[in-house]
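Undergrad: Sequence:
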Amino acid sequence: MLSSLAILINNKCWLIDITPDFSLQLHMIQNEYSNKIEIAGVFITHAHIGHYTGLLELGLEVMHTRNIPIYVMPKMKQFLEENAPFTQLIDLHNIELNEMVANTAVSLNETISVTPFYVPHRNEFSETVGFQVKSKNTSLIYISDIDSWDDWDVDINYIIKRNDIALLDGTFFDSDELGSRNIHDVPHPFIKDSLKRFSLLDRVDREKVYFTHFNHTNPLIRESRDELRKFEKHGCRLAQDGMKFTL
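When we follow the numbering used here, the leftmost residue of the sequence shown carries the number 31, and every step to the right adds one.
Rather than coming from a laboratory, the hints here were simulated on the basis of the structure. Incorrect hints may appear among the rest.
To be verified - Dumping the calculated DMTMM-like pairs for lysine to aspartate or glutamate here, alpha-carbon to alpha-carbon at most 20 Å:
hint, residue 1, residue 2
1, 274, 51
2, 164, 140
3, 222, 180
4, 274, 256
5, 105, 140
6, 166, 194
7, 222, 181
8, 260, 223
9, 191, 207
Unchecked claim - Per label pair, the in silico range of CB-to-CB distance:
hint, residue 1, residue 2, range
10, 267, 192, 36 to 42 Å
11, 131, 181, 33 to 39 Å
12, 234, 117, 47 to 53 Å
13, 79, 259, 32 to 38 Å
14, 180, 64, 43 to 49 Å
For glycine and all other residues, C-beta sits at the position ideal for the given N, C-alpha and C.
Build out the structure end to end from the sequences listed, making use of the hints.
TA: Spelled out as C-alpha cells, the structure:
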C-alpha cells in the first residue's frame, strides 16, 4: 500500500499522510486492536496525490467526521482552502486545518511530539516536509519524498546518526526503471546511490534505515533476488505494510 505512518497512543491514532489506500490502512490498524480506533489527527507532508487525497474519505459521502485536526504547512493549507472538493470538508467541519511552523513541535501528549522540517521536492502545489516523531527516549525520522540528498542543506548521514529509526525515500532503485519515460521529471534519490552514501556510516547506523515509498517498478519490491541479495549486504532494510516501531 502507499506509504503512511500511524502513531498509536492507546486507542487514538494520528496519521502521517492520508493516502488513497486510507480505508484499507484504517481497517488493517483496527484489526490489530480490540478497541475502536479514534482518528485524532492527520499530518500531511505535501500535495502530491499519494499523500493527501485520502482526506476525501473523511467527507459527507463516506465517514462524515467532525473537526478532525489536519496539520499542514502554510501553502498546503492554502491549497486545501482554495480547491474543491476539499473546501467542502472544511465548510462541513469534517476537518479543521491547523497550520504548522517548520522545526516547531506539535505535542500529541505529554511524551510524544511531531516536528515538521522542510525538504527540497517538486513543490508545484505546496511545500514539502519530513517529520520527526519523538518520545522521551526514541526518535523516528520520516522523509517519504525528497528530490536529492545533495539538494538538501542538511547531511542525511548526520540525521541518521542523531535518530533511532529513519524511514527514507526509496521510490526508485536506479535510473533504468521507467523505460522511455524521463525519470528526472519525477526526481527522487535512487536507493543504489543512497546505499553508497550510507556506506560511510557504521553498520549500527545503517541498520536504522528503512526505505519506503516504493514505486511499483522498484525491483526490490518485485523480489528480484539478485537485487535483494546485493541490498541486504548493506545493512539497510525495506519497510513493510503493518511494520511496528515502539517509541
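Undergrad: Each of the hints needs a verdict: does it hold here or not?
TA: Comparing the hints with the structure gives:
1. For a cut-off of 20 Å, the pair hint linking residue 274 to residue 51 stands: about 18 Å separates their Cα positions.
2. For the hint pairing residue 164 with residue 140, the CA-to-CA distance comes to about 11 Å; that is within 20 Å, so the pair holds.
3. Simply put, residue 222 and residue 180 have alpha-carbon atoms about 15 Å apart, close enough for the 20 Å limit, and the pair holds.
4. A threshold of 20 Å between alpha carbons decides the hint, and for residue 274 with residue 256 the separation of about 27 Å lies outside it, so the pair is violated.
5. With a CA separation close to 29 Å, the supplied pair residue 105 and residue 140 exceeds the 20 Å bound.
6. Simply put, residue 166 and residue 194 have alpha-carbon atoms about 12 Å apart, close enough for the 20 Å limit, and the pair holds.
7. Under the criterion of a C-alpha separation no larger than 20 Å, the hint pairing residue 222 with residue 181 is consistent with the structure, at around 17 Å.
8. Among the hinted pairs, residue 260 with residue 223 is consistent with the structure: their alpha-carbon atoms are about 13 Å apart, no more than 20 Å.
9. The suggested pairing of residue 191 with residue 207 is violated, with an alpha-carbon distance near 30 Å, which exceeds 20 Å.
10. A C-beta distance of roughly 19 Å is found between residue 267 and residue 192, which places it outside the suggested range of 36 to 42 Å.
11. Taken as a hint, the range 33 to 39 Å is violated for the pair residue 131 and residue 181, whose Cβ atoms sit roughly 22 Å apart.
12. Remark: the range hint 47 to 53 Å for residue 234 to residue 117 is upheld by a beta-carbon distance near 48 Å.
13. Evaluation of the 32 to 38 Å hint for residue 79 and residue 259 yields a pass: the beta carbon distance comes to about 33 Å.
14. Judged by the Cβ atoms, the range 43 to 49 Å given for residue 180 and residue 64 holds: they are separated by roughly 47 Å.
Hints 4, 5, 9, 10 and 11 from the list above are not met by this structure, while the remaining hints are.
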